[in-house]
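*Asks:* Sequences listed follow chains A and B, in order.
According to this note's numbering, the first sequence is numbered sequentially starting from 1.
According to this note's numbering, the second sequence is numbered sequentially starting from 1.
Derived by calculation from the structure, the hints in this document are not laboratory data.
Do not take every clue at face value.
Cβ pair distances, simulated, as ranges [to be verified]: (1) A:Leu160 to B:Arg136: 55 to 61 Å; (2) A:Val349 to B:Pro237: 51 to 57 Å; (3) B:Gln180 to A:Asp164: 24 to 30 Å; (4) B:Arg136 to A:Glu44: 34 to 40 Å; (5) A:Gly167 to B:Gly114: 41 to 47 Å; (6) A:Glu138 to B:Glu83: 51 to 57 Å; (7) B:Pro237 to A:Thr188: 27 to 33 Å; (8) B:Gln179 to A:Gly167: 22 to 28 Å; (9) A:Gly332 to B:Ala108: 51 to 57 Å; (10) A:Met110 to B:Ala190: 41 to 47 Å; (11) B:Gln180 to A:Asp145: 31 to 37 Å; (12) A:Glu152 to B:Gly75: 55 to 61 Å; (13) B:Gly75 to A:Gly396: 46 to 52 Å; (14) B:Ala246 to A:Glu138: 44 to 50 Å.
Ideal placement from N, C-alpha and C gives every residue a C-beta, glycine not left out.
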Amino acid sequence: MSAATVVNPVSGVAGRFGAYGGRYVPETLMAALEELEVAYAEAEADPAFHVELDGLLHHYCGRPTPLYYAKRLSEQLGGAKIYLKREDLLHTGAHKINNALGQGLLAQRMGKQRIIAETGAGQHGVATATVCALLGLECVIYMGDEDMRRQELNVYRMRLLGADVRGVSGGSATLKDAISEAMRDWVTNVRSTYYILGSALGAHPYPTMVRNFHRVIGIEARQQVLEMEGKLPTAIVACVGGGANAIGAFYEFLPDANVQLIGVEAGGRGTALGEHAARFQTAGGGVPGVLQGTYSYVLQNDAGQVSLTHSVSAGLDYASVGPEHAMLHDSGRATYVSCNDADALAATVTLSRTEGIVPALESAHAVAEAIRLAPTMATTDVLMVNLSGRGDKDMGILARELNLQGALAHAD
Amino acid sequence: MPINFAKKPGIVAYLTAGDPDLASTKSIALAAIDAGADVIELGVPFSDPLADGPVIQRASERAVAKGTRLTDVLGLAKELRTERPACGLVIFSYLNPVVRLGMEKFCAAAAEAGADGVLLTDMIVEEAGEYLESMRVHGLAPIFLAAPTSPDARLKAIARASKGFVYAISRVGVTGTQQQVAGDASELVARLRQFTELPIAVGFGISNAAHVKAVGEFADAAIIGSALVALIEKTAPEQAAAAVGAFIAGLRG
Ligand SMILES: Cc1ncc(COP(=O)(O)O)c(C=O)c1O
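When you get a sec, could you build the whole thing from the sequences and use the hints?
*Replies:* Below you can see the structure in the form of structure tokens.
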């Protein structure tokens with residue numbers, strides 16, 4: 001199906017990225033989305049909002065995050081110089097706090113006392129629970145039962161922070177189902193509740209707003225790489241779940257046509273539908289459709305039923321992708337590749353042992369692509385990886401998958 | 001156009017097509033029509049029914065697991081149209097199965113099946129350009145949802161874009177049964193009335209004769225959804241049609 005079959009809006013509705021994006025929600029939510037759109041535009045234009053946000057990003061979250069030259073890894077691979085944008089060093093351990101904090105302040109400004117959010121890997125849930133604790137807001141987090149099991153440590157963290165974590169058993173009991181349940185809560189409590197969506201997904205204005213709260217990643221990285229290398233990177237690599245960290249890393253470089261932008265999706269354990277979360281994969285990939293408020297690529301069967309997905313990383317395990325990435329994919333400005341579970345696990349070990357940095361399994365997908373790419377590049381090339389989060393949350397999975405309890409771990 | 005609420009209040013019966021299977025949905029729909037339902041809404045099951053509560057979520061999951069497709073539901077509509085020429089028929093779907101089939105192809109097929117109207121849960125008026133054009137070309141009635149949270153300007157646009165009837169959501173929230181008809185409902189219908197002469201049907205949570213009577217005081221029709229789906233869920237498949245018929249017959253008191 002071509003993008004030309006998109007359900008065209010009457011007029012130039014805001015929130016379109018080429019053919020993608022838009023607003024496809026139950027009517028009950030429309031007043032709330034319109035209210036949010038206005039409140040966000042006002043906050044965006046208000047210097048006081050930015051002073052408060054930037055102050056907290058600096059003093060509370062630890063921005064700017066370093067851009068780190070991974071010397072040992074680069075030398076071992078014998079190609080491009082690899083730089084890591086260290087979002088893993090942010091408070092709570094991932095980029096997610098950039099957006100959670102921005103939206104939390106916005107909710108407070110709008111007078112909403114009750115916050116809801118979905119979470120996959122638990123990083124957005126932890127970031128949201130953290131912001132709610134900081135701002136004194138009530139916090140309810142929806143999380144698929146399967147994700148609660150595999151990211152158990154983050155469930156405890158959220159509860160410690162005072163959040164009410166509610167398991168979701170429907171569908172595949174992962175991120176997609178958590179989003180549906182959060183939307184049901186929002187429809188029911190729309191008058192009192194603010195929904196902090198955790199990725200560049202959903203109905204307008206979310207994809208634009210979430211991207212803007214993550215733009216700081218690319219803004220800092222651009223300045224840092226110019227200072228350190230005196231030139232722009234040859235390529236930037238980021239993992240793509242919903243696409244928040246990737247769009248944040250890419251956005252400032254969009255006009256720089258010679259900077260390659262590479263998104264890495266979850267290749268899971270095979271190319272058949274249901275075995276991966278690679279929406280842009282050529283064979284067995286997604287086709288444009290509508291899921292959870294936006295028009296973008298969706299993994300689905302030929303009857304339009306959304307398919308199950310698989311990834312070792314909960315944060316990439318989602319059947320659709322942010323609409324701005326769909327546009328960048330079609331225009332060719334960014335390219336999207338996939339990395340399978342095994343390569344992500346191997347990259348986790350490699351980065352841990354060459355640099356002493358344990359990446360989140362999501363981020364490990366980007367690291368794996370960098371490891372593949374670097375040796376094909378010149379030593380004068382600069383390859384920037386957005387290291388979106390750290391791997392503490394994944395210790396249970398890593399212990400099992402890498403047999404860390406056994407003797408094999410030492411043999412590699 | 002058979003969307004017509006001659007008796008007041010009219011009764012609209014929502015069924016998740018394919019739950020427990022398509023043949024049962026057909027006999028249940030026929031029983032509902034014969035017991036006095038004016039319009040049948042044939043719900044297309046979807047993998048991610050985010051506007052629905054647990055009852056319709058479970059029904060959708062069962063129907064999707066059976067492999068029920070949008071094209072199967074259109075086939076069922078055609079059979080119902082052949083057997084009951086005078087009843088109102090609306091195809092009720094989330095957007096994605098329709099987009100996957102193709103909007104124009106879908107509207108052509110729905111018209112060919114003899115449907116009177118279409119309701120797309122996650123389609124709002126602002127995004128409906130191509131949809132409205134295809135619906136117009138094929139002589140189908142686009143039915144939009146109006147919510148208690150919709151400001152007057154939105155209600156006006158919704159009323160303008162709708163044909164057949166306007167679907168007023170009785171309260172904020174997802175589908176599901178409730179104790180009594182919310183005060184939100186009459187207020188919403190009164191606001192909608194300023195903008196349209198179309199019949200206004202009230203749905204979400206309408207589950208018994210008392211609710212239908214209450215809705216009849218201020219609106220043209222009551223939409224029964226989760227209560228029917230729950231009844232079908234707890235009744236043996238071979239008895240479901242009779243049970244639904246008896247239930248509908250009892251709704252107008
Ligand atoms: C560390 C980390 N990276 C990446 C992602 C994927 O999200 P996105 O693509 O929206 O950045 C997640 C999501 O949970 C995450 O926790």
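*Asks:* Each hint should be assessed against the structure and marked as holding or not.
*Replies:* We went through each hint and held it up to the structure:
For Leu160 of chain A paired with Arg136 of chain B, a C-beta distance near 57 Å keeps the hint of 55 to 61 Å intact. The beta-carbon spacing between Val349 of chain A and Pro237 of chain B, approximately 54 Å, falls within the hinted interval of 51 to 57 Å. Range check, Gln180 of chain B to Asp164 of chain A: Cβ separation about 28 Å, and the 24 to 30 Å hint holds. The supplied range of 34 to 40 Å is met by Arg136 of chain B and Glu44 of chain A, whose beta-carbon atoms lie about 38 Å from each other.
One distance hint, 41 to 47 Å for the beta-carbon pair Gly167 of chain A and Gly114 of chain B, holds here, with the actual separation near 44 Å. One distance hint, 51 to 57 Å for the beta-carbon pair Glu138 of chain A and Glu83 of chain B, holds here, with the actual separation near 53 Å. The hinted window of 27 to 33 Å between Pro237 of chain B and Thr188 of chain A holds, with their beta carbons roughly 32 Å apart. The supplied range of 22 to 28 Å is met by Gln179 of chain B and Gly167 of chain A, whose beta-carbon atoms lie about 27 Å from each other.
Roughly 34 Å separates the CB atoms of Gly332 of chain A and Ala108 of chain B, a value that falls outside the hinted 51 to 57 Å. Distance hint check: the CB atoms of Met110 of chain A and Ala190 of chain B are about 28 Å apart, inconsistent with the given range 41 to 47 Å. Between Gln180 of chain B and Asp145 of chain A the CB atoms are about 33 Å apart, so this pair conforms to the stated range of 31 to 37 Å. Separated by about 46 Å at the C-beta atoms, Glu152 of chain A and Gly75 of chain B break the suggested range of 55 to 61 Å.
Judged by the Cβ atoms, the range 46 to 52 Å given for Gly75 of chain B and Gly396 of chain A holds: they are separated by roughly 48 Å. In this structure, Ala246 of chain B and Glu138 of chain A meet the distance hint of 44 to 50 Å, their C-beta atoms being roughly 45 Å apart.
Of the hints listed earlier, those the structure fails to meet are numbers 9, 10 and 12, in rising order.
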